[in-house]
Amino acid sequence: MASKIRILVAEDEQDIGRLVKYTLERQGYDVHLVGDGQAAVDALERGPFDLVLLDVMMPVMDGYAAAGKISDLEPGLPIVMLSAKAQKVEVEKGYSVGALEYICKPFNPRELVEKVGVIIDRTRGRKD
Amino acid sequence: MARLNRRVAEWILSTIGEGVLVADLAEKIVFANDAAAAILKTPKTALIGQCLRNLPDFATQELTFETIERAVERPGERRVQTARIAGKALVLNCRYVVESKCLVITIRDITDLVKTSERVEAVLASTADGLLVLDEAGRTTHLNRAAETILNVTERDALGKTVGELHIREELADVLAGDEGLFKSEQRTEEEATVDEETEKYLKIVTTPVFDRQNTFLGHIKMLRDVTAEKRVERMKNEFISTVSHELRTPLTSIKGYVDLMLEGDAGDIGDIQRDFLKIVKQNSDRLVGLINDLLDLSRIESGRVQLRKDPVNLDEAIDDVLVTSRTLAEEKKQVITLVKPESLPIVIGDSDRITQVLMNLLSNAIKYTPEEGTIGITAVADKRFVKISVSDTGIGISPIDQVKLFEKFYRVDNSLTREVGGTGLGLSIVKTLVRMHGGDIWVESEAGKGSTFTFTLPAVGKVSLKSKEEPGTEEELPGAGRTVLVVDDEPDIVRLVQLQLDKDGYRVLTALSGEEALDIAKRERPDIITLDILMEGINGFEVIRRLDEDPETTSIPVIIVSIICDEEQCYSFGGASYLTKPIDREKLSLTVKRLIEKRDKERQVFILVIDDENGITGLIEEAFQTKEYAVYPARSVDEAISVGSTIKPNVIVLDAKMAAGDSHRIIERLRTCGGMSEAQIIMFTEYDAEKLADRMVVTDGDDRCSVASVDAIARKIDEVLEKAGVRGEQD
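Sequence order for the protein chains is F and A.
Here the working numbering is used: the first residue of the first sequence is 16, the next is one more, and so on.
Here the working numbering is used: the first residue of the second sequence is 387, the next is one more, and so on.
Everything labelled a hint here was simulated from the structure, so no lab data went into it.
Quick caveat: nothing in here was measured; it's all calculated off a predicted structure.
In this text, a Cβ means the ideal position worked out from N, Cα and C, and glycines have one as well.
Careful, some of the hints might be misleading.
Unchecked claim - Cβ pair distances, simulated, as ranges:
id: 1; chain 1: A; residue 1: K791; chain 2: F; residue 2: G132; range: 25 to 31 Å
id: 2; chain 1: A; residue 1: K719; chain 2: F; residue 2: L88; range: 20 to 26 Å
id: 3; chain 1: F; residue 1: E129; chain 2: A; residue 2: I659; range: 25 to 31 Å
id: 4; chain 1: A; residue 1: G676; chain 2: F; residue 2: G132; range: 23 to 29 Å
id: 5; chain 1: F; residue 1: E129; chain 2: A; residue 2: K719; range: 24 to 30 Å
id: 6; chain 1: F; residue 1: G43; chain 2: A; residue 2: R910; range: 43 to 49 Å
id: 7; chain 1: F; residue 1: E129; chain 2: A; residue 2: E586; range: 44 to 50 Å
id: 8; chain 1: F; residue 1: L88; chain 2: A; residue 2: S1032; range: 36 to 42 Å
id: 9; chain 1: A; residue 1: E939; chain 2: F; residue 2: E129; range: 34 to 40 Å
id: 10; chain 1: F; residue 1: L88; chain 2: A; residue 2: R686; range: 45 to 51 Å
id: 11; chain 1: A; residue 1: T761; chain 2: F; residue 2: E129; range: 33 to 39 Å
id: 12; chain 1: A; residue 1: K587; chain 2: F; residue 2: L88; range: 47 to 53 Å
Claimed, not checked - Taking lysine to aspartate or glutamate and the DMTMM-like style, the derived pairs with C-alpha atoms no more than 25 Å apart in a straight line are:
id: 13; chain 1: F; residue 1: K103; chain 2: A; residue 2: E633
id: 14; chain 1: F; residue 1: K130; chain 2: A; residue 2: D914
id: 15; chain 1: F; residue 1: K19; chain 2: F; residue 2: E89
id: 16; chain 1: A; residue 1: K890; chain 2: A; residue 2: D914
What the hints assert, rightly or not - Among chain A residues calculated to face chain F with C-beta under 10 Å, some are:
id: 17; residue: H632
id: 18; residue: V675
id: 19; residue: L681
id: 20; residue: L684
id: 21; residue: T711
id: 22; residue: A867
id: 23; residue: N926
Take the sequences, apply the hints, and build the full model.
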């Protein structure tokens, strides 16, 4: 693999952000962590990412709004929601704003790794 | 008539309970009996010789003298009035007897009667709940103060009027008036209504029919309770639970996540003791997650935000599904699950997901509490009215005290086993609520040391089962015979695997390795069902579903999403009919494909609703339409027809003219205005001379009536009507 796969994570809870970052870094991903939705949108301008992980309830800009902006800015960039909002309407809303996957908190780190892995494999495969 | 001796006459008058005064034309009392003396609290001797107008209490009664004067003006006529004299309620009866030129006044003491009725009035008036009393024709006979306030109508305005004639919000009037069909129903009903949308005033209305001792229907009492405050508290409670559950998830995510990392060795090596302790943390955080999920579920159910879908549910399939899902759990504990039930259970109306949830909960409890190598039994029986399903375990049993409280929220039987098994204490409470929402009941029987049996009932729609089973003689036939499945996946290995399994079931299998190819084949071959991968190069699965949906030729083909990244929520939000996760469970694949095809068949079925109290004709119609394309539902009354009909949405309604009792217009109107039956074709049949009946029947547009000598005639008529309505044309 020539370059590391870059994942952008937006999560305002530091402990959870660190958990996600640690988990994904152990899989060899390059993880960039930000604290809110606006920061995620800004980060996209500074460098290309292969996947974005968004929390829903965040200050400044929430995950739904961020997902909408990101799909406009970079159509095709896979978005995964990671949220404590686990009710059906909330999950459906996540998909409607462009998420490819919605992981409900609390999650098992292995589940996160698997779901991210599958999406990365597919999108990489398409590019090659 | 022989003249009575004056003394005898006086003696007779002294024995009667009513007071009697006789006065001459100067209104001077010439005779008074004992009762009169007692009522007026004046000795007899003091009364005689007194002028009526001088009697202390009479003197204040203007009306009394008017009555006396009138009586004198019109001799022989009786004047009656009520009066309050000496603290008593009296009925005065006054007559002028011309022959003897005297006034006869009888006095009846009705104080006790008045007191009783005043007490009843006072009780009604001061009841905090509103009370509305209607007579047998639905007219208001009583409206207490609370009801006046709630409805903003005065009793004086309301008396003698039906609810519809009162000046109240239409929606509220509709609820208050109730279903006409239930008018003389013996059932107590409870409903809720909004009085005022702006102030969000909620009302609970309990209607109770009133019968006298001879069992004659007298009317209804409607209790109106303002439940606005309760509703507000309930809403706050639910919002609170929802917020708290979100807030709890956040710290739990950290706890669970880091513990999982350590347990899976992602944070370096850990010792055995550390592993043990971490496992305890993990188990308890998992339990907390389960609790939060149950709590949310319960709060949504209780707040009424969970709307039950009301579809015909095939219980045979629901039981099969639950058995397939829980088999692994039971096998782990080397347990045996036995199933005793008739070949096919009656259809019930309800939400199949929720009924499955109930079954699943009971069965997984049974597995949890039965020791290794134990036996678990599922028994299902049905009578005309109910289906009864029991799940029994061979666990330690439940004590009588615990049995009573078992279905309460958060109640957990406290012993070492329940602590070991874990759980939230909410499962059975949810189960009970769901069963009740379906109109059923649930209970437990248990014997210490032998095990427990949980039994629940669901109301059966009728004895006729949906004819999803194959016709006789085709038992050997495989489920897939004559059906085509299109398998779509960009990995040839997976296509081969799915194809292999479906081949075995006898399906004709078509395959596509890309979205483009899939759309092409779907349009050309019109398969009965499609299995679809999501993450594919080029056109992905979601796009395939979207395009299938856009094309009217392919929009009705059900799609099973087969993907590693799919769950229930996702599947339905993308328009899939069902989903399977990879790795694919072969048996589940088989079952899912079969179910969806059966479901589609059912959707294409023609529903015939037969309203007939004798049931004779129902059986005959069933026989005449004994193929898969038809399902016949019986109803023994118009009320039953309405409840069944609004759910199954019949294509044809067959009505026995006798049931209409000469008022067919009203019954047809009622059927028509009920949801789900406005489009139905109504056929009325009669065994009598149609000519005679025709005069009395008003038949609305599109309806048919026929005089029948045979069922063939009805059957022909049904076919004719269906063809006219274009229903049969769409059949394969």
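Status of the hints after comparison with the structure:
1. Between A/K791 and F/G132 the CB atoms are about 47 Å apart, so this pair departs from the stated range of 25 to 31 Å.
2. The beta-carbon spacing between A/K719 and F/L88, approximately 53 Å, falls outside the hinted interval of 20 to 26 Å.
3. Checked against the given bound of 25 to 31 Å, the beta carbons of F/E129 and A/I659, roughly 30 Å apart, stay inside it.
4. At about 27 Å, the beta-carbon gap between A/G676 and F/G132 stays in the expected band of 23 to 29 Å.
5. Between F/E129 and A/K719, the C-beta spacing of about 28 Å keeps the proposed range 24 to 30 Å intact.
6. The hinted range of 43 to 49 Å is satisfied by F/G43 and A/R910, whose Cβ atoms lie roughly 45 Å apart.
7. Taken as a hint, the range 44 to 50 Å holds for the pair F/E129 and A/E586, whose Cβ atoms sit roughly 47 Å apart.
8. One distance hint, 36 to 42 Å for the beta-carbon pair F/L88 and A/S1032, is violated here, with the actual separation near 50 Å.
9. Roughly 38 Å separates the CB atoms of A/E939 and F/E129, a value that falls within the hinted 34 to 40 Å.
10. In this structure, F/L88 and A/R686 break the distance hint of 45 to 51 Å, their C-beta atoms being roughly 36 Å apart.
11. The hinted range of 33 to 39 Å is satisfied by A/T761 and F/E129, whose Cβ atoms lie roughly 37 Å apart.
12. Between A/K587 and F/L88 the CB atoms are about 49 Å apart, so this pair conforms to the stated range of 47 to 53 Å.
13. Distance check on the hinted pair: F/K103 and A/E633 sit about 17 Å apart at the alpha-carbon level, within 25 Å; holds.
14. With a C-alpha separation of about 31 Å, the suggested pair F/K130 and A/D914 falls outside the 25 Å cut-off, and the hint is violated.
15. Proximity of F/K19 to F/E89 is assessed by CA-CA distance (about 20 Å); at most 25 Å being required, the pair is judged to hold.
16. Under the criterion of a C-alpha separation no larger than 25 Å, the hint pairing A/K890 with A/D914 is consistent with the structure, at around 17 Å.
17. Checking A/H632 against chain F: minimum C-beta separation of about 5 Å stays under 10 Å; hint holds.
18. Checking A/V675 against chain F: minimum C-beta separation of about 6 Å stays under 10 Å; hint holds.
19. A hinted interface residue such as A/L681 counts as satisfied when its beta carbon comes closer than 10 Å to some beta carbon of chain F; here the least separation is about 12 Å, so the hint is violated.
20. The criterion of a C-beta within 10 Å of any C-beta in chain F is not met by A/L684, whose closest approach is roughly 13 Å, and the hint is violated.
21. This hint is violated: A/T711 has a C-beta 20 Å from the nearest C-beta of chain F, more than the 10 Å allowed.
22. Contact between A/A867 and chain F, as hinted, is not supported at the beta carbon level, the nearest pair being about 36 Å apart and thus beyond 10 Å.
23. At a threshold of 10 Å, the smallest CB-CB gap from A/N926 to chain F is about 9 Å, leaving the interface hint in force.
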